[in-house]
Structure formats: C-alpha cells, structure tokens
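Enquirer: Below are the chains, spelled out letter by letter.
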Amino acid sequence: RKEVEQDPGPFNVPEGATVAFNCTYSNSASQSFFWYRQDCRKEPKLLMSVYSSGNEDGRFTAQLNRASQYISLLIRDSKLSDSATYLCVVTGGSYIPTFGRGTSLIVHP
Amino acid sequence: DTEVTQTPKHLVMGMTNKKSLKCEQHMGHRAMYWYKQKAKKPPELMFVYSYEKLSINESVPSRFSPECPNSSLLNLHLHALQPEDSALYLCASSQDHRQGETQYFGPGTRLLVL
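Sequence lines, in order, name chains A and B.
Under the working numbering, the first residue of the first sequence is numbered 1, with each subsequent residue one higher.
Under the working numbering, the first residue of the second sequence is numbered 1, with each subsequent residue one higher.
Quick caveat, the hints were computed from the structure, so don't treat them as lab data.
Everything numeric in this text was worked out from a predicted model, so none of it was measured.
Glycine is no exception: its CB is placed at the ideal position from the N, C-alpha and C atoms.
It is possible that some hints are incorrect.
Claimed, not checked - The following residues of chain A were derived to be distant from chain B, with all beta-carbon distances above 10 Å:
| hint | residue |
| --- | --- |
| 1 | E15 |
| 2 | Q31 |
| 3 | S53 |
| 4 | R66 |
| 5 | Y70 |
| 6 | D77 |
| 7 | L80 |
| 8 | D82 |
| 9 | S83 |
| 10 | L87 |
| 11 | T91 |
| 12 | Y95 |
Stated by the list, open to error - Heads up, incomplete: computed chain A residues facing chain B, CB under 7 Å, no partners named:
| hint | residue |
| --- | --- |
| 13 | P14 |
| 14 | S32 |
| 15 | P44 |
| 16 | L46 |
| 17 | E56 |
| 18 | R59 |
| 19 | F99 |
What the hints assert, rightly or not - EDC-like, lysine to aspartate or glutamate: derived pairs with alpha carbons at most 16 Å apart:
| hint | chain 1 | residue 1 | chain 2 | residue 2 |
| --- | --- | --- | --- | --- |
| 20 | B | K40 | A | E5 |
| 21 | B | K41 | A | D39 |
| 22 | B | K18 | B | D85 |
| 23 | A | K42 | B | E3 |
| 24 | B | K41 | A | D7 |
| 25 | A | K2 | B | E44 |
Kindly generate the complete structure, drawing on both the sequences and the hints.
Expert: Structure below.
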C-alpha cells in the first residue's frame, strides 16, 4: 500500500460546480498535512495547510480525519482557473514529506 | 518575500558533462530540499539539508551531489548523468525541516540529458 494515495482523476466538472478530493495516508504518526496546486509545467504552490479543526479559505475547505486517516479538499463554485493538479502532502514521524500522485481537475465552461 | 529562485531555468547536457543547478532563498529558512519530478508524476524527494547539514539522502545515485554553501544557497552538482535523469528539478525551502513546516518551491530547472 502506498503511503499517500489520491485518485488521479481527471475530474471534469462545469464552472460553478462543487468538487471534492480525498487523500488517504497510511502512517498513523503523520503530523503535517497540506494541499498544493500545480499548474502544467510549473512548480507546486501551497493551497492550504490542513488542521484537525478544518480550515476554510474562500471557496476552498480542507478537512483532516485522523481516525480514518484521510484529508479532503472541497472546492465550491469552480472557476476555469481552478483547472490544475492538486497534490496532497503528508509529513510523517520521520519528517520526510510524501506527495500523493495528484488529482487532475478540469473545469470546463 | 516567499520567493525561492533557481538557475538555470533550462539545461541541456551530454552524458559526459558536469553542470550545477543553483537554488537561493532569502526567507531565513533553515531547511532546503531537492526534488526530481518526471512528467505526470509527483515530486520525488532527493535530499534535505537542515541547518546546512545533509539530513536526508533518499538513496540518490552519486552522480547527483548536493552542496549547501550557506543557509541561503543550495547547489546540485551533476556529473555523468543518464538520459533517464531528464526531469524537472525543484528546490524548496521551509523554516525548519523537523517541524513539518510548509515548503515553498522554486520554479524548477528543466533538465534534458542527451
């Protein structure tokens, strides 16, 4: 079993739709969780950190479920500019950041 | 300023060449990272420097040699690379590696080995 797993997609949604991604992790000692966004041929950019209490930034909401060992990202009112690959990153007890393979999102008019 | 810079942006080299990739950050971060990313794959961690000392080497072949001259700079020396080493090489930094802090990535160097 891979340490961090994501559905690669692609998720193909119309503008204005709500879309959710999950990311599961295998190491129960994991401590830090992040969502990054990566556009084609660009570097990953931090979208948001993920906390146990959940956090929201505009149209984006991230949640952490430690009991079931997954994190989620919810995007409301999707925009064309949201089209990208969304990478989850989990840092475990060894302090090695581990990336999921990424979920591709395509928002169409 | 949350900027990490990398040079060069693009690099083409032969298998017998020696070249270096450079990375710089001025955020006062004490952890710096090298990643390799192939097309349609996630970044793969290569090396981590923490307080200018090599902290993690993810079993990277010796043809890749990292160097951290000071807390702001990170180099990756390349020698006798293979065509399969062609990839995007990303540098990142964070405040402290052992705290699981947010990493900030540079734009990467796109490397082609002929």
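Enquirer: Would the hint on E56 of chain A be counted as holding, given a Cβ-Cβ threshold of 7 Å to chain B?
Expert: Violated, about 17 Å.
Enquirer: Please verify that hint: F99 of chain A, Cβ, nearest Cβ of chain B, below 7 Å or not.
Expert: This hint holds: F99 of chain A lies near chain B, its Cβ roughly 4 Å from the closest one there, short of 7 Å.
Enquirer: Against the 16 Å threshold, does the CA-CA distance of K40 of chain B and E5 of chain A hold or violate the hint?
Expert: holds (15 Å)
Enquirer: For E15 of chain A, is the shortest CB-to-CB distance to chain B above 10 Å, so the non-interface label stands?
Expert: Answer for E15 of chain A: holds, closest chain B Cβ roughly 25 Å.
Enquirer: Would you say S83 of chain A is clear of chain B, with no C-beta pair closer than or equal to 10 Å?
Expert: holds (15 Å)
Enquirer: Would the hint on L46 of chain A be counted as holding, given a Cβ-Cβ threshold of 7 Å to chain B?
Expert: It holds, given that the least Cβ distance between L46 of chain A and chain B is near 6 Å, below 7 Å.
Enquirer: Minimum Cβ distance from P44 of chain A to chain B below 7 Å?
Expert: Nearest chain B Cβ about 5 Å off; hint holds.
Enquirer: Checking the smallest CB distance to chain B, is Y70 of chain A really beyond 10 Å?
Expert: Given a closest Cβ separation of 17 Å, the condition holds.
Enquirer: Classify the label on D77 of chain A as holds or violated, using whether its beta-carbon is more than 10 Å from each beta-carbon of chain B.
Expert: Nearest chain B Cβ is 26 Å from D77 of chain A, so the label holds.
Enquirer: For the hint on P14 of chain A, just tell me whether its beta-carbon gets within less than 7 Å of chain B.
Expert: Violated: closest Cβ of chain B sits about 24 Å from P14 of chain A, beyond 7 Å.
Enquirer: Going straight from one Cα to the other, do K18 of chain B and D85 of chain B come out at no more than 16 Å?
Expert: holds (14 Å)
Enquirer: So if I understand the rule, the pair passes when the alpha-carbon distance is 16 Å or less; does K2 of chain A with E44 of chain B pass?
Expert: holds (14 Å)
Violated hints, in rising order: 2, 10, 11, 12, 13, 17 and 18; the structure is consistent with all others.
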